[in-house]
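Undergrad: Whenever a hint applies, use it, and build me the whole structure from the sequences.
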Amino acid sequence: MDLSRDDITLRDIAACFEGAIPAVIATASVDGLPNVTYLSKVRIVDDERVALSNQFFSKTARNLVENPEADVLVIDPRSYDQYRLHLRYERTDRRGPVFDRLRIDVDVAAALEGMQDVYKLRAADVYRVTDIQHVPSGRPPADPELLAAAPDGMDAGRIAELSSRLGRCPDLDTVVQTAVSGLAELFGYEHSLLLLLDEDGTTLFTIASHGYEAEGVGSEVGLGDGVIGLAAERCTAVTLGNVTQLSKYSRTVRRSYEESGEIGPGREVPVPGLPDSASRCAVPAMVLGQLIGVLTVESRRTVAFGPADEAVLTVVASILANAIESERARERDATPASAPPPDAPPTGEGDVTHVRFFDVDGSVFLDGEYLIKGVAGRLLWALLGHHDREGRTDFTNRELRLDPSLALPAFKDNFESRLILLKRRLDERDAPVRIEKTGRGRFRLVSSGAVRLDQVDDTRGAGGRLS
Amino acid sequence: MIDEALRAFLERGCAMVVGTASADGAPHAQRAWGCSVVGPGTVRVLLDRSDPVLREHIDAGGRIAVTSADVRDLRSVQLKGRVVAVEEEPRPDDLDRCHRHNDELFADIESADFFPRALTERMVPPGYLVAVVEVEELFDQTPGPGAGAQVEDGWT
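Quick mapping for you: the protein sequence lines, in order, are chains B and G.
Sequential numbering from 1 applies to the first sequence in the numbering used here.
Sequential numbering from 1001 applies to the second sequence in the numbering used here.
In case anyone wonders, no lab produced these hints; they're calculated from the structure.
Model, not experiment: these values are computed from the prediction.
Any given hint could turn out to be false.
What the hints assert, rightly or not - Partial list, derived from the structure: chain G residues whose beta carbon lies under 10 Å from chain B: (1) 1048; (2) 1122; (3) 1123.
Said to hold, decoys possible - Per label pair, the in silico range of CB-to-CB distance: (4) B:311 with G:1134: 53 to 61 Å; (5) B:311 with G:1121: 48 to 56 Å; (6) B:97 with G:1041: 44 to 52 Å; (7) B:388 with G:1111: 48 to 56 Å; (8) B:128 with G:1116: 49 to 57 Å; (9) G:1100 with B:91: 38 to 46 Å; (10) G:1111 with B:405: 48 to 56 Å; (11) B:118 with G:1117: 32 to 40 Å; (12) B:185 with G:1093: 53 to 61 Å.
Even for Gly, the Cβ is constructed at its ideal location relative to N, Cα and C.
TA: Structure (structure tokens):
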């Protein structure tokens, strides 16, 4: 961009408004006393206006009632070019599209630190931008290699290719793996997670991931928690280009609430993903108005994702949601075509694996290490029980779905997703017990050695969330 | 007014910004590049000498707001007062303070926010001047429900 231009537009400097670097705002009271403070985020409203969130009754807001002029400094995080915006206060919105857009920003910050009950947007202050100036730097422009490459954006050809690949997948396990690997191969999203909504509609669990040291299959996010949980709760795309800055801001605000006694010290919501993630985009996967899960990507680059990425991911998530629902329906309706195949030969003769099951929450531990809990844990326990009592290794989805010990809900039992979750979790852990698909609606339990079963039937609970 | 804890905070590599206003009330924001506490209510602040609007405001003996924020945890304080002197040429100890401040600031940004120095140093102005500020009020500016509260019992 030609920085000497005197007609710089808000669109030209859109990257400044992603919140990666706090903006600065100066106002003055009617008697000329200035006030200067940092702003976590400034949002573009249209070609001529910006909006600032108003969570607290600040001096800035009081000054603007008396004197509507404001001076704002923003920085482009890709180049550290600095811009000065002269603003004139126009109005305060307490509902409507501008308020809703800013409310998501505030809600994301709240969700990162579990402050949803106290940290809320009060109002959105809308300003007309009367002038934009580039602030000259005393240093030369940044090395182009330091500048982040712009995302490629929507490409119908690649969308079609991924859609075609998903359409050829024979089962749910292949669908979820093809989706995350296709996002990397075709679109360059090197770090992605696919989470599905659980039976109760309160928790999302990771079914597939790409680009992480640990696959994290089975890790959970509560509805409303963090970027992923918020995307699920609101059924809307949530994109953050400033994860580092926003996380820091949220921690500070939370500490401030703790000191004021408004909330007690509490959990920090663990967000699965890169420890040094700078950008994150989460989109809901929906079909027929129902949330199926959330597809999320992240990057170590600041402001890595934009509207084009949201569009790509929304399309992919929609294809995925349809594929998942279709596969679930097919599995539910599947009738074994013939008699079950003969049970597999006796399993291997490796070491004895100690399997410990906690009835209180369905947690399963293999040789003292947490594996999984809930429906998937109960399913594994049921399979191992059948194997132990009857020597069986081959099963059908239909018979397991009717097993009362799994405590499946009558409606929308999610059985296939839980079975895939269990299979992928056992594979990820390189467990001595595995599940192999043997046909539509059929699978086999394979063990590389003997297992010793141990049920803990009390209310002490066990296990925990994968991190 | 400025206790030892606050002095230590102000003199480290905080991100600093100043606000001034014209005679007719137009506000102006600018960055600042280090601060020395030289008395219980007096600070020397290094400012961008290339900013004509800032210069006009402080030359008029105008009021000034100075906000310092620790980029590692966003803890922030705002000083409000009046510019009682403007020194065209910073003293050697001012420049030493400025260089230490900038070094700490850019190192903190790099470790906390992952922006390399090659980028953040682009904020540095071509030259400095010093504003001597008599501080009249202090406010806690840390983000949260207590932001804007007057600092009366010391900076802890």
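Undergrad: Please go over all the hints and tell whether each is borne out by the structure.
TA: Going down the list of hints, with the structure as the test:
Below 10 Å, beta-carbon pairs count as interface contacts, and residue 1048 of chain G has one with chain B at about 9 Å; its hint therefore holds. Taking 10 Å as the C-beta contact cut-off toward chain B, the hint placing residue 1122 of chain G at the interface holds, the least distance being around 4 Å. Using the Cβ-Cβ criterion of 10 Å, the hint placing residue 1123 of chain G at the interface with chain B is satisfied: the shortest such distance is roughly 6 Å. Checked against the given bound of 53 to 61 Å, the beta carbons of residue 311 of chain B and residue 1134 of chain G, roughly 55 Å apart, stay inside it.
The given range of 48 to 56 Å is broken by residue 311 of chain B and residue 1121 of chain G, whose C-beta atoms sit roughly 36 Å from each other. Range check, residue 97 of chain B to residue 1041 of chain G: Cβ separation about 47 Å, and the 44 to 52 Å hint holds. Roughly 54 Å separates the CB atoms of residue 388 of chain B and residue 1111 of chain G, a value that falls within the hinted 48 to 56 Å. Taking the beta carbon of each, residue 128 of chain B and residue 1116 of chain G are about 35 Å apart, not inside 49 to 57 Å as hinted.
Separation of residue 1100 of chain G from residue 91 of chain B is about 45 Å and conforms to the stated range, judged on CB atoms against 38 to 46 Å. The supplied range of 48 to 56 Å is met by residue 1111 of chain G and residue 405 of chain B, whose beta-carbon atoms lie about 52 Å from each other. A beta carbon spacing of about 37 Å between residue 118 of chain B and residue 1117 of chain G agrees with the range 32 to 40 Å that was offered as a hint. At about 59 Å, the beta-carbon gap between residue 185 of chain B and residue 1093 of chain G stays in the expected band of 53 to 61 Å.
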